[in-house]
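**Student:** What follows is each chain in one-letter form.
There are 2 protein chains.
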Amino acid sequence: MADAPKANAVVSQSGGPTGVINASLVGVIEQVHKQPNIRNLYGAVHAVSGIVKEDFIDLKKIPAGTLELVAASPSSALGSSRDKPDKAYCEKILGVFKKHDIRYFFYIGGNDSANTCFIINNMARDAGYELRAFHVPKTIDNDLLVTDHCPGFGTAAKFVACAVMGDDLDNRALPGVKVDVIMGRHAGFLTAASALGRQRGDDGPHLVYVPERKISMEKFLADVEAVYKKLNRCVIAVSEGISAPDGKTWAEKLAETAEKDAHGNVQLSGTGALADFLAGEIKAKLKIKRVRADTFGYLQRSFAGLQSEVDKAEARQCGIEAVKLSSTAANGSVAMKRIGTAKYGVEYFRTELANVAEKTKSLAAEYINTEGNGITAAFVDYALPLTGGLPKTEYLGNYPRIKI
Amino acid sequence: MADAPKANAVVSQSGGPTGVINASLVGVIEQVHKQPNIRNLYGAVHAVSGIVKEDFIDLKKIPAGTLELVAASPSSALGSSRDKPDKAYCEKILGVFKKHDIRYFFYIGGNDSANTCFIINNMARDAGYELRAFHVPKTIDNDLLVTDHCPGFGTAAKFVACAVMGDDLDNRALPGVKVDVIMGRHAGFLTAASALGRQRGDDGPHLVYVPERKISMEKFLADVEAVYKKLNRCVIAVSEGISAPDGKTWAEKLAETAEKDAHGNVQLSGTGALADFLAGEIKAKLKIKRVRADTFGYLQRSFAGLQSEVDKAEARQCGIEAVKLSSTAANGSVAMKRIGTAKYGVEYFRTELANVAEKTKSLAAEYINTEGNGITAAFVDYALPLTGGLPKTEYLGNYPRIKI
Numbered sequence: 001m002a003d004a005p006k007a008n009a010v011v012s013q014s015g016g017p018t019g020v021i022n023a024s025l026v027g028v029i030e031q032v033h034k035q036p037n038i039r040n041l042y043g044a045v046h047a048v049s050g051i052v053k054e055d056f057i058d059l060k061k062i063p064a065g066t067l068e069l070v071a072a073s074p075s076s077a078l079g080s081s082r083d084k085p086d087k088a089y090c091e092k093i094l095g096v097f098k099k100h101d102i103r104y105f106f107y108i109g110g111n112d113s114a115n116t117c118f119i120i121n122n123m124a125r126d127a128g129y130e131l132r133a134f135h136v137p138k139t140i141d142n143d144l145l146v147t148d149h150c151p152g153f154g155t156a157a158k159f160v161a162c163a164v165m166g167d168d169l170d171n172r173a174l175p176g177v178k179v180d181v182i183m184g185r186h187a188g189f190l191t192a193a194s195a196l197g198r199q200r201g202d203d204g205p206h207l208v209y210v211p212e213r214k215i216s217m218e219k220f221l222a223d224v225e226a227v228y229k230k231l232n233r234c235v236i237a238v239s240e241g242i243s244a245p246d247g248k249t250w251a252e253k254l255a256e257t258a259e260k261d262a263h264g265n266v267q268l269s270g271t272g273a274l275a276d277f278l279a280g281e282i283k284a285k286l287k288i289k290r291v292r293a294d295t296f297g298y299l300q301r302s303f304a305g306l307q308s309e310v311d312k313a314e315a316r317q318c319g320i321e322a323v324k325l326s327s328t329a330a331n332g333s334v335a336m337k338r339i340g341t342a343k344y345g346v347e348y349f350r351t352e353l354a355n356v357a358e359k360t361k362s363l364a365a366e367y368i369n370t371e372g373n374g375i376t377a378a379f380v381d382y383a384l385p386l387t388g389g390l391p392k393t394e395y396l397g398n399y400p401r402i403k404i
Numbered sequence: 001m002a003d004a005p006k007a008n009a010v011v012s013q014s015g016g017p018t019g020v021i022n023a024s025l026v027g028v029i030e031q032v033h034k035q036p037n038i039r040n041l042y043g044a045v046h047a048v049s050g051i052v053k054e055d056f057i058d059l060k061k062i063p064a065g066t067l068e069l070v071a072a073s074p075s076s077a078l079g080s081s082r083d084k085p086d087k088a089y090c091e092k093i094l095g096v097f098k099k100h101d102i103r104y105f106f107y108i109g110g111n112d113s114a115n116t117c118f119i120i121n122n123m124a125r126d127a128g129y130e131l132r133a134f135h136v137p138k139t140i141d142n143d144l145l146v147t148d149h150c151p152g153f154g155t156a157a158k159f160v161a162c163a164v165m166g167d168d169l170d171n172r173a174l175p176g177v178k179v180d181v182i183m184g185r186h187a188g189f190l191t192a193a194s195a196l197g198r199q200r201g202d203d204g205p206h207l208v209y210v211p212e213r214k215i216s217m218e219k220f221l222a223d224v225e226a227v228y229k230k231l232n233r234c235v236i237a238v239s240e241g242i243s244a245p246d247g248k249t250w251a252e253k254l255a256e257t258a259e260k261d262a263h264g265n266v267q268l269s270g271t272g273a274l275a276d277f278l279a280g281e282i283k284a285k286l287k288i289k290r291v292r293a294d295t296f297g298y299l300q301r302s303f304a305g306l307q308s309e310v311d312k313a314e315a316r317q318c319g320i321e322a323v324k325l326s327s328t329a330a331n332g333s334v335a336m337k338r339i340g341t342a343k344y345g346v347e348y349f350r351t352e353l354a355n356v357a358e359k360t361k362s363l364a365a366e367y368i369n370t371e372g373n374g375i376t377a378a379f380v381d382y383a384l385p386l387t388g389g390l391p392k393t394e395y396l397g398n399y400p401r402i403k404i
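Residue numbers (my numbering), protein chains in the order written: chain A, 1 to 404; chain B, 1 to 404.
It is possible that some hints are incorrect.
As the list claims (entries may be wrong) - Residues on chain A that point at chain B, a partial pick, calculated with CB under 10 Å:
(1) Pro-36
(2) Asn-40
(3) Asp-180
Source of the hints: derived by calculation from the structure; they are not laboratory data.
Beta carbons are placed, not taken as given, at the ideal position from N, Cα and C, and that holds for glycine.
With the hints as extra help, turn the sequences into a complete structure.
**Tutor:** Structure representation (structure tokens):
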């Protein structure tokens, strides 16, 4: 391995924002200040599209106080993009890198971003241009391979857990059936997080449906009816990506005009159709009067002022580690390994870009109950530490009655 | 005024839960402990329906530590009810009061609850039964008369403001049009709260529509187009209760099967139809590609762990004041008056039940801009202190670019 070149660096943020992707950005910036081999750090505005347009911010000039506000802010402070660069696009990027002696590329994003790093890194190698490309993981879906979990998930999980905790208390006060539709096209981690705040034996969510298990309308309604008969109420967490036994998602079945993003994913967020459909089915078929539905939508990834402190610290450290690795390795993706049993902790390591690029992880079978309508204690053990802790609540309606 | 009778008391919570209605309950309980004339404090489970069923919890037995958890929890810890008692129902309530020597009634709720207090109080007086009925205000809509503002609003306003702050940052990262539908059938306070977190000149929400101003689809689309042309993006806060120039709400126009609650209100929450409709119109008529919509739904009133500390403290004090007043007055509703100019503060006073019962307040004209599509600085001055403060954020995409 040659010595780390004295050259410039680019950092940018890609894909859907998260609550802590800015903490990773700040981690990159603070570590760059400590590594004199990196001369300038250019922040590309709106990800790869900013690179090809040479739309850069001089990130070494941002004061430390501002950086702390950036790290505390949701969404991508440099702007994002849904562009999925093809070969020609990547060649343009490499052209800009060559033009400005940019030999370090830190890309904060999901598996598509890891793939972009991989492609550009290979292109540079083939062209004999030394480029060190590093992927910093982020996603609220928690679906990246290799890493134990992904920065962004803990904060989104905290939001979802707090939302459903409150929703369950609301449903106790005014009983009925409540359907909550939660983000996650293919992986059920975030929907499963709805159960992390359960404290009492009869706390909701009482039913949890994830994309990893197909569900028929008959089974869904039978589940709801059984809970409702027992508790006189029912809180249901449903992933936007749940599918029917025929393999089609329930949202696809509903969507009259399916909008697709540049990655070919059907657009499910930003619509209340699935939630309203499920509520309508319950009302019509089970003759239950009070049925309500909410779709949590973009609040799950962008709510201001509600970071998981654990997630924030890890996201920042992932940014720091990427820059550190760049002085000894030619490329890679930062990953986390869980350490310790008594006390939660992680250690950081490098994995190959190809191990992360374009691949996704699903909820492990051990995290889903055998009926496919709930999650297990093993999932709570896995995910609860990532939220940084959840508030405690009390409900008096279960307390013993007085005979007067 | 006769001396305060030595007798029992009932407290309960009515209508839609809020984030701090439990703080009011705890205020009542803690003050009852200090007033020996109140022998027992019975918590009626599920409001008036719990009174007629004599479904009571002995609230003096609840440990102090538990009470603090109750005060920190969203939703109604005693359960709630949408029952609107008629004369026969109120006679049953009075019968239970007489049977158990209950001469104090503390009812935490909105204008319907104030009316129930009023009716039962008059009934008792006519029957020659000494009863002291007090209303403790709560509503996320902030639409009660007399009081400067209402416990429950500040916390809901904080949620809405934080949601739209994050949403606006998200919309900067991935530009397009975003529609957020916010609770409030007749009063626009909560929708107006979407603007409380604005920090930068081009921060969203860029358009705010409240029920107090009618809006045609043509004007709505023209507004959106104008903002989009200027900023290449647009964040819009819309009340669920916005209406068209013909006087019908936009939601009514959409609702195929309007569900009504016991108070005759059309059910608008729990459905994404209005948001999806508005997004569809923008997409179709303005040919804008990226249009998203969220309906904030029940999270606005029930999210766990996100109280406004100011709101929580005031809600608790309103409960305390109701019990204090009961030793010197025959009935009343607790209200707040804003004091001080340099530093925000309130004082508490008694108003007649009839002043609050069944009446509602709307956003003052001075809080809405002349175009009817935004809110004024006067509203921010009024409402921001009630949130207890909002997080600061940073976005780098506006920073000057480097020429390299």
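**Student:** Interface hint check: Pro-36 of chain A, Cβ to nearest Cβ on chain B, cutoff 10 Å. Holds or violated?
**Tutor:** Interface hint status for Pro-36 of chain A: violated (19 Å vs cutoff 10 Å).
**Student:** The hint names Asn-40 of chain A as touching chain B; please verify it with the least Cβ-Cβ distance against 10 Å.
**Tutor:** OK, holds: Asn-40 of chain A within 10 Å of chain B, min 8 Å.
**Student:** Quick check on Asp-180 of chain A please, does its C-beta sit within 10 Å of some C-beta on chain B?
**Tutor:** This interface hint holds because 9 Å falls under the 10 Å limit.
Hint violations for this structure: number 1 only, all remaining hints satisfied.
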